[in-house]
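Asks: What follows is the residue order along each chain.
Number of protein chains: 2
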Amino acid sequence: MSNITKAIQETAEETRNYLKSYFEKQKTHTKLFEAMEYGVFPGGKMIRSFLVKSSFKTLGIEEKLYLPVAAAVECIHSYSLIHDDLPAMDNDDFRRGKESTHKAFGEYTAILAGSSLLTLAFEILTDPKTDFTSDIKNNLIYSLATSSGHQGIAGGQFMDLSLKKQNITKESVIDMQNKKTGELMGFCTESAAIVSNQDNLREKFKNIGVKIGLIFQIADDFLDKYGDKDKIGKPVKQDDVKGKNTLINLLGDEEAKQQAQSFLNEIKQDLEKFLPKSEELISCAEYILNREK
Amino acid sequence: MSNITKAIQETAEETRNYLKSYFEKQKTHTKLFEAMEYGVFPGGKMIRSFLVKSSFKTLGIEEKLYLPVAAAVECIHSYSLIHDDLPAMDNDDFRRGKESTHKAFGEYTAILAGSSLLTLAFEILTDPKTDFTSDIKNNLIYSLATSSGHQGIAGGQFMDLSLKKQNITKESVIDMQNKKTGELMGFCTESAAIVSNQDNLREKFKNIGVKIGLIFQIADDFLDKYGDKDKIGKPVKQDDVKGKNTLINLLGDEEAKQQAQSFLNEIKQDLEKFLPKSEELISCAEYILNREK
Chain A
1 MSNITKAIQE
11 TAEETRNYLK
21 SYFEKQKTHT
31 KLFEAMEYGV
41 FPGGKMIRSF
51 LVKSSFKTLG
61 IEEKLYLPVA
71 AAVECIHSYS
81 LIHDDLPAMD
91 NDDFRRGKES
101 THKAFGEYTA
111 ILAGSSLLTL
121 AFEILTDPKT
131 DFTSDIKNNL
141 IYSLATSSGH
151 QGIAGGQFMD
161 LSLKKQNITK
171 ESVIDMQNKK
181 TGELMGFCTE
191 SAAIVSNQDN
201 LREKFKNIGV
211 KIGLIFQIAD
221 DFLDKYGDKD
231 KIGKPVKQDD
241 VKGKNTLINL
251 LGDEEAKQQA
261 QSFLNEIKQD
271 LEKFLPKSEE
281 LISCAEYILN
291 REK
Chain R
1 MSNITKAIQE
11 TAEETRNYLK
21 SYFEKQKTHT
31 KLFEAMEYGV
41 FPGGKMIRSF
51 LVKSSFKTLG
61 IEEKLYLPVA
71 AAVECIHSYS
81 LIHDDLPAMD
91 NDDFRRGKES
101 THKAFGEYTA
111 ILAGSSLLTL
121 AFEILTDPKT
131 DFTSDIKNNL
141 IYSLATSSGH
151 QGIAGGQFMD
161 LSLKKQNITK
171 ESVIDMQNKK
181 TGELMGFCTE
191 SAAIVSNQDN
201 LREKFKNIGV
211 KIGLIFQIAD
221 DFLDKYGDKD
231 KIGKPVKQDD
241 VKGKNTLINL
251 LGDEEAKQQA
261 QSFLNEIKQD
271 LEKFLPKSEE
281 LISCAEYILN
291 REK
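Going down the list, the protein sequences come from chains A and R.
Counting in this note's numbering, the first sequence tops out at residue 293, every number present.
Counting in this note's numbering, the second sequence tops out at residue 293, every number present.
Incorrect hints may have been included.
It does not matter which identical chain is meant; a pair holds if it fits inside one copy or across any two.
To be verified - Restricting the straight-line Cα-Cα distance to at most 27 Å, the calculated cross-link-like pairs of lysine-lysine (DSS-like) are:
id: 1; residue 1: Lys277; residue 2: Lys27
id: 2; residue 1: Lys242; residue 2: Lys31
id: 3; residue 1: Lys31; residue 2: Lys244
id: 4; residue 1: Lys31; residue 2: Lys268
id: 5; residue 1: Lys244; residue 2: Lys103
id: 6; residue 1: Lys103; residue 2: Lys242
id: 7; residue 1: Lys204; residue 2: Lys27
id: 8; residue 1: Lys170; residue 2: Lys31
Just so you know, the hints here were simulated from the structure itself, not pulled from any lab data.
Quick caveat, the model's predicted, so the values are computed rather than measured.
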């Protein structure tokens, strides 16, 4: 196993443990709560958590501080997956190698579990035990909220569903992917600038995450087109079946690959001056482009 | 028109204008955004906004400060109504005298509009232009998030849907109503203690709102059983049709009325020492019990 794969796995384990202890404190044992746990655990690769951690490292922030931010991000990400899988949305029966939440718990429980994970993210960040100043908590929440709502994840999912059957341009696919994936990944990297109180770096770091989001999405499109469903944990060739607008459909394989490579080069350039502390964040971007699942 | 009805209407108008100007700043013109506006405007009576305003008055807080809190609460309330109406939940076609959001915009748009209103509430509270200290913003968000998630609104809705066909006790119906309605109304009244930095009053003020929530719910049950659908703006006798657990079904009309009256007496006692500044909050609780729509 490569160093970066191992580092990502370790981070996922740390974030999972942090989330688990947070869940244990919630003192509730309803089916709704079980559905929330089902949707968030064990989680996928938790790439977003690693983006937070390696961005914190890049800016020299004390390591463990990344955990509440990563935990909040994983809650938001899991919320979006649970809702995306709903019959009224993408109607996907499988996710992360098991039944999607609405298949396992029913539709209304899945909707409520998703929304509860969304609010839990804000609860985690404002928890009195979460060790940031109130100013930092506020900045994190404002940025996370805008990244998650109609100008972020929800807006991207709306475009993904509603633009399906229209003539579509490269620009609107990029806009959709930026909202759907880029905004939250942008928050992951921006959070390091927020927590280290470097306002001047917020936009730069946000953009790095947004670009990583586009790389992630192009790699995802390739995996859907050419990948192995057993490795990925969900059916492949679904973009075609569902008539999804993808960058590789619009640009062709070669141009999409070149586009992703050029984003990666930009990211490397942006992070060069933070070397060697930015090494892991750069490796993560490379990993995201070249992953096989 | 009575003074209290007029005061409630004026507050609704103020909150609506505040929300409108916030929406206008969002610089987006998607169908998703239209669905958010459709779900939140013109809104109902906005009783929750009045609870915030009259609680602020009770604790002598500068009046206009209530607006961002009220606006956030109305976003959360509208989110919960949009999702509650979904086919997978209560399957209601009408709300506030017009088609419910999923009837007017389709199901996926309604789900995304609801979630976007949920995140917008947190965005409003952390907005740099919102005039509270970061400490206050944090306390507001922590309390609002817990009131909205699995221990609050979403948890109550889950109980409402899942307990339908089981043997049910008075205690679990009260628990369900407290989560579904009481927690958010409790936040409305508690917010005044948060904003005035009176931690010692938070629990007391939260409980006042929770009790108002129970009064609200009992009055709602009566309206559903005996009310006029044209006045209310939605079909009546739905609790029976849908096999909903209500307090009047469990207790009978007389005991439910007595219960509501005894909550009202408790509230009056709690607020006595804040007279005359607590007059409007008391009148609001009375109005909620005796309203005809």
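Asks: Look at each hint and say if it fits the structure.
Replies: Structure-based check of each hint:
no., hint, result
1, Lys277 - Lys27, "neither (40 Å within a copy, 38 Å between copies)"
2, Lys242 - Lys31, "between (31 Å within a copy, 21 Å between copies)"
3, Lys31 - Lys244, "between (33 Å within a copy, 19 Å between copies)"
4, Lys31 - Lys268, "neither (45 Å within a copy, 38 Å between copies)"
5, Lys244 - Lys103, "both (22 Å within a copy, 25 Å between copies)"
6, Lys103 - Lys242, "both (19 Å within a copy, 24 Å between copies)"
7, Lys204 - Lys27, "between (40 Å within a copy, 23 Å between copies)"
8, Lys170 - Lys31, "between (43 Å within a copy, 21 Å between copies)"
The structure does not agree with the numbered hints 1 and 4 stated previously, though it agrees with the rest.
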